Structure formats: C-alpha cells, structure tokens
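Asker: Please arrange chain B on chain A, whose structure you already have, making use of the hints.
Below, each chain spelled out in residue letters.
2 protein chains.
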Amino acid sequence: MISAAAIRAKGHVRQTPILTSPFLDEIAGRRLFIKAECLQHTGSFKFRGGWSALSGMDPALRKIGVIAFSSGNHAQGVALAARMHGVAAVIIMPDDAPSLKIDNTRALGAEVVLYDRSTQDRDVIGAKLAKERGLTLVKPFDEPLVIAGQGTCGLEIATECKELGVTGAEVLVPCGGGGLTAGIALALEKHAPEMQVRPCEPVGFDDTIRSLISGRIERNPAMTGSICDAIVTPSPGDLTFPIMQRLCQPGVAVSDDDCLHAMALAFRRLKIVLEPGGAVALAAALFHSDKLPDRDLVVVVSGGNVDPEIFARALAH
Amino acid sequence: MISAAAIRAKGHVRQTPILTSPFLDEIAGRRLFIKAECLQHTGSFKFRGGWSALSGMDPALRKIGVIAFSSGNHAQGVALAARMHGVAAVIIMPDDAPSLKIDNTRALGAEVVLYDRSTQDRDVIGAKLAKERGLTLVKPFDEPLVIAGQGTCGLEIATECKELGVTGAEVLVPCGGGGLTAGIALALEKHAPEMQVRPCEPVGFDDTIRSLISGRIERNPAMTGSICDAIVTPSPGDLTFPIMQRLCQPGVAVSDDDCLHAMALAFRRLKIVLEPGGAVALAAALFHSDKLPDRDLVVVVSGGNVDPEIFARALAH
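Top line first, the protein sequences correspond to chains A and B. For any residue, its number in the working numbering is found by taking its place in the first sequence, counting from 1, and adding 1281. For any residue, its number in the working numbering is found by taking its place in the second sequence, counting from 1, and adding 1281.
Okay, chain A solo, but in the shape it has when bound:
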C-alpha cells in the first residue's frame, strides 16, 4: 500500500530534503540527518496522508466529498488534497483552534464547521453531516490509506539515506496517534531494515512510549498542557499501535522548553520553521542523545505551522 501510495503521490506530494549541520552534529555528539517535512505542502507531513486517502478512495464516493475532524494540520492536508481533486471537503474544527489553522483550512477551499468543545460532540455533528451529504470520513491516523501515505516519507528516507551513505541509524519520529511513525516503520522494515524507528513525544503526553513499554495501549491523563498541540492525542490507534509494537522501540519524551530550544536551533542552523510538536524528535536528538544507542540519527521534523507569537518565544530562547 505504501508503494502504491508513492506512485499516486508522484508529482503531487513534495519530496522533502534531508538537511544537516556541523553545528547540530556537535551538540548531539553524532551525525544528524534531518528530514524536513515542514517543507511539505501545507507545512506538515499530513498532506501525504490526505493525498493518499483522496487519491486512493473509490472515485464515485470521492466525487460526493470528504469530511475530517482536526484542529490543524490534518485539516489543511485533507483540504488541499480535496481541492486538488476538485471535490468538496468539510472539516469539523474546535472553535478554539489556532486562527491561522482555521483561516488556512478555509482558504484552501474547505467548508469549516466550528463546534464548542465543552458543549458539543464533534462525532455527532460529523456523523450527521456525513450521513446527510454522503461524505466519506478521512481519519487522521487510524486508517490504512493514511498510514500508507505517511509511509511514503519512510520510502524517501530509505532512498535519501542510501545516497548519503547512511545505513544503520536510529530514526526519531514525532508521534501523536502514530500514523507517521507506523508508516515510516513499515517502509523501513522493507527498504532499510537496519534502521530502528523510535517515536518521540512531549513529557506528560508520552502515551505511545508508555504503551510500547507496557505492551498495551496507554492513555494520557490530560489533553491540554503542552505547546505541542499537533501531537497531543489521547492514545495510539488500534491500527497504528500493533505496527509500532512490532517494529518500534520507545523514543524519548521531551519538555516544551526542549522543543523551543530545538526550534531556535533549527532557525539558526537549518533555516527552517518548526512548530513545537514538529520539533520533538529534533529536541530528543539534540538534548537526549545519551539515552539512545550510539549511532547516526535520522530525525523527522514533521511540521512548521506555528503562530508568530510562539515562534518569537523560541527565538528569544
């Protein structure tokens, strides 16, 4: 499915570059190879999954339109993919989502339906709209086509690392529901089996790391309290967890402060813009490499949709 997604993606999904910096290598004490998914269309890897879902679904259903729940990056990924396919997209977003993300989703042509998190149930709103209009739901991570789309990032890592002469490496991936982590792990299982994928998360929201350790799906005690909004999810998915359990080792949980510091270094040394959730794996590589096996690190930086105010905080770091 990943190979098929890659064929459908050709010419539509951007192949993102791997960046390096001798300054960052010095901080980490080893070589870092940074896969810059913030440079993907819509500013995050989520477009890969959105494109895969839209391009891979039944054309008759697609024509009617799609619906998605998201407070941000998945919303934009699905909205752009729908627009590029010329079909309607309805995105259910909480009314307290970052205004930049709401604006972008609208500007990409989607119909945004806002709901109040405290009084309304998005599932009810979504199910009603989907039924009334015949829309197909595109889930953010627990959906085979979406996992396959995110896996195309893993195919690129395998190819690009081979060109760079990097073989054995730990691969650090920012992890929310696990779509990107599972997709990359599946791609590397076949194309770079000597690489080891490790999900990274914010401290206090390390449900996947804890689940990998305990062997069963663990949940986060809260859904707020981190600046890493893009990757705060209640738990790994029913589809993504078994894949990660088979193929991944736990990564490192990092603090919000680590993320801001990593964002500042990415600004200074790589000239890329990261959002906090997109910087967790880089923060792990830079400030916690002592907790990882001593070999090269491939680091996925997964998104850059950050408000100027938060970015200014990182710059002041």
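A hint or two may mislead.
[What the hints assert, rightly or not] With a straight-line Cα cutoff of 25 Å, these simulated DMTMM-like cross-link-like pairs (lysine to aspartate or glutamate) come out:
#1 A:Lys1291 with B:Glu1441
#2 A:Lys1443 with B:Glu1444
#3 B:Lys1291 with A:Asp1306
#4 B:Lys1291 with A:Glu1441
#5 A:Lys1409 with A:Glu1424
#6 A:Lys1291 with B:Glu1444
#7 B:Lys1412 with B:Asp1376
#8 B:Lys1409 with B:Asp1377
#9 B:Lys1443 with A:Glu1444
#10 B:Lys1291 with A:Asp1577
#11 A:Lys1572 with A:Glu1475
#12 B:Lys1443 with A:Glu1441
#13 B:Lys1291 with A:Glu1444
#14 A:Lys1471 with A:Asp1397
#15 A:Lys1420 with A:Asp1404
#16 A:Lys1291 with B:Asp1376
#17 A:Lys1443 with A:Glu1307
#18 A:Lys1291 with B:Asp1577
#19 A:Lys1443 with B:Asp1376
#20 A:Lys1443 with A:Glu1470
#21 B:Lys1471 with B:Glu1424
#22 A:Lys1443 with A:Glu1424
#23 A:Lys1420 with A:Glu1499
#24 A:Lys1291 with A:Glu1424
[Said to hold, decoys possible] Here are some, though not all, of the chain A residues that point toward chain B, as calculated from beta-carbon distances under 7 Å:
#25 Leu1320
#26 Gly1324
#27 Arg1491
#28 Ile1494
#29 Phe1548
#30 Val1554
#31 Pro1589
#32 Ala1593
Since the hints were derived computationally from the structure, they do not count as laboratory data. The model shown is predicted, which means the values in this text are computed figures rather than measured ones. All C-beta atoms in this analysis are idealised placements derived from N, C-alpha and C, irrespective of residue type, glycine included.
Answerer: Just chain B now, with coordinates in the frame of chain A:
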C-alpha cells in the same frame, strides 16, 4: 566551467528544493517557483562559489590556504569549503559585522581578522597577510570559479523547472556584486534559453539595475542604510557586469519593508527562514509583479543568515 563546477560539487553541495504555495501564487497573481538557497550549507548560496573555488584551484596553492574578505555569507561559504578540504582559511571581516556571522565563521574553523571600517583599509590588511603566508585570495563575485559555482544553482533551476513543467519564466535573483545572477544567467542561456534572468536589489542600492539601464557600471551613493546587508555592494563587477549586460533584463528594486513582509510570508507559507537580502527577489515577485512580463516567476531566495531580532521584526509585520 559551470558544468565542471557541478561535477566537483556532487555529493558536497546540496541540491536545494523548489517550493511553492497557492497562497503566495494568489498574492502575486501568477505561479511562483521558489528556489530555496537558504537551505544550502552555511545558509546561503555562497557555499556553491566557495566550494567551486577551493575544489577548482591548484592543489599546491590550496594546501597553503586561502583568504577572503566578507561581512558574512561569503565568509562562511569559504570557511566551510576550506575546512572540508582540510586547509586553512583567513577571513577579513569588519568589526561591525553581525555577531552571528563572525561567530559562525570562527566556528567553521576559519581565522577571523577584524578591522575597523572607518580607519583601516581591508585591502592593505589582506594583501599583507596573503603575501606573508602565501594565501590565495577567493574573491566574493568577480572570479570565474566563483561565478561558475553560483551557476550550478542555475543548472538545478533548469532541471527542476523542466520536471515541474515550467518552461518560459522570468527568473528573479537577489543581486549584490552579480556573481549569482551572472552564474545563473550563463547556466540558463544554455539549458533554459526561454527563461529571462532579472537581478533584484534594495531601493537606493540598485547599482546593477541602473547599470543595465544605462549600459555602463553605475555605483551606489552609499554603502549603509539598508537592512539587506548581504547584497549591498558598491557596483556590479568587471566580470559579472558584461555577462549580465548580455543576458539579463533589469529586475525590480524593493524597500526594506517589502523585504520584511516577504520574510513574514516565507515564514508563514513556506516554513523557511530568509534574511532581508535573501528576500529581495521574493518581495519583487509578491508586491511588484505588475512591473514584470506576465508569465511564471522563478524566484531565488538566496540566504537565511538573519539575527533573531531582525527576524522578530519581520514576524511582527
């Protein structure tokens, strides 16, 4: 020479991506294809020229070491290229250069010699050091190997645009002494002759645009007064100007405010970090496209070595 430089560059110089955004296309009223040279090693295209000069020079001379004058990006490009060749680099920098650029140049292993712009003559200092130690001068732009190195950016533009289906286009290039502009124009003359290169500059420092109009080398009245420090040069070079005169049409001069605005949009829409001088061509494309022929625009964003304070100003835009 450009083709030879590209062969020497393989595996050392980074092939930078072309980025796009439907939001930026909407502002410009046409398609923009943005060549992200800020993602080059050392954060600017200057590494291309530095690598070309070091890799192309007489190995016996190279072994003794090189010397360069620069307030910033050329310094870092030559310093890293020298380090990667395992040879010494001395860089003469004004003592009021941005501290980030001085620090980086030192951190890349170069010996930095600071001078006072108001009381000391850098040419005298440089000539003395070069003579005493037998160092070879690597000029920032008026040097065939350096122009050839910058030209490799043009080869990539030709190849990448062909893949994207872009043929006829105006190619906007930030222009200081003209090394990058001339190099790209030479590469495209052969590999994409239907493209038209246009140098872009800051208002009040538009020596090259005025020179192209008058047909002779014009000078800027001052050397300070723009935030675009990277591309404020007294005049186009003796080598670069005839090339630009034969191959280029005048671009657009943009204000500092235009540059800050373009930096903010590159942050928001492309997730890349630009310095003011690196953003002049993007500013021209976004805010002055009415002064340009009505076709696709290829826009080179040439560097991202900006202090956090200036970047914060752009974010507040």
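Asker: Indicate, hint by hint, whether the structure satisfies it.
Answerer: Hints and how they fare:
1. A:Lys1291 with B:Glu1441: holds (14 Å)
2. A:Lys1443 with B:Glu1444: Answer holds: Lys1443 of chain A to Glu1444 of chain B is near 23 Å, not above 25 Å.
3. B:Lys1291 with A:Asp1306: holds (22 Å)
4. B:Lys1291 with A:Glu1441: At roughly 14 Å apart (the allowed maximum being 25 Å), Glu1441 of chain A and Lys1291 of chain B satisfy the hint.
5. A:Lys1409 with A:Glu1424: This hinted pair holds, its Cα atoms lying about 20 Å apart.
6. A:Lys1291 with B:Glu1444: holds (11 Å)
7. B:Lys1412 with B:Asp1376: Judged against 25 Å, a Cα distance of about 23 Å means the pair holds.
8. B:Lys1409 with B:Asp1377: With Cα atoms ~22 Å apart, Lys1409 of chain B and Asp1377 of chain B stay inside 25 Å; holds.
9. B:Lys1443 with A:Glu1444: Distance of about 23 Å is within 25 Å: holds.
10. B:Lys1291 with A:Asp1577: Given that 25 Å is the threshold and the Cα spacing comes to 22 Å, the pair holds.
11. A:Lys1572 with A:Glu1475: Holds. Lys1572 of chain A to Glu1475 of chain A sits at ~19 Å (cutoff 25 Å).
12. B:Lys1443 with A:Glu1441: holds (22 Å)
13. B:Lys1291 with A:Glu1444: Holds, because 11 Å separates the two Cα atoms, which is no more than 25 Å.
14. A:Lys1471 with A:Asp1397: violated (44 Å)
15. A:Lys1420 with A:Asp1404: holds (12 Å)
16. A:Lys1291 with B:Asp1376: Violated, because 49 Å separates the two Cα atoms, which is more than 25 Å.
17. A:Lys1443 with A:Glu1307: Measuring from Cα to Cα gives roughly 23 Å; hence the hint holds.
18. A:Lys1291 with B:Asp1577: Holds, at about 22 Å.
19. A:Lys1443 with B:Asp1376: violated (43 Å)
20. A:Lys1443 with A:Glu1470: Measuring from Cα to Cα gives roughly 15 Å; hence the hint holds.
21. B:Lys1471 with B:Glu1424: holds (20 Å)
22. A:Lys1443 with A:Glu1424: Cα-Cα ~29 Å, so violated.
23. A:Lys1420 with A:Glu1499: At roughly 20 Å apart (the allowed maximum being 25 Å), Glu1499 of chain A and Lys1420 of chain A satisfy the hint.
24. A:Lys1291 with A:Glu1424: holds (21 Å)
25. Leu1320: holds (6 Å)
26. Gly1324: holds (5 Å)
27. Arg1491: Arg1491 of chain A check fails; min Cβ-Cβ to chain B is 31 Å, beyond 7 Å.
28. Ile1494: Nearest chain B Cβ about 33 Å off; hint violated.
29. Phe1548: OK, holds: Phe1548 of chain A within 7 Å of chain B, min 6 Å.
30. Val1554: Hint on Val1554 of chain A: holds, closest Cβ of chain B at ~4 Å, below 7 Å.
31. Pro1589: Constraint on Pro1589 of chain A satisfied, holds at 4 Å.
32. Ala1593: holds (5 Å)
Hint compliance for this structure: hints 14, 16, 19, 22, 27, 28 are not met, and every other hint is.
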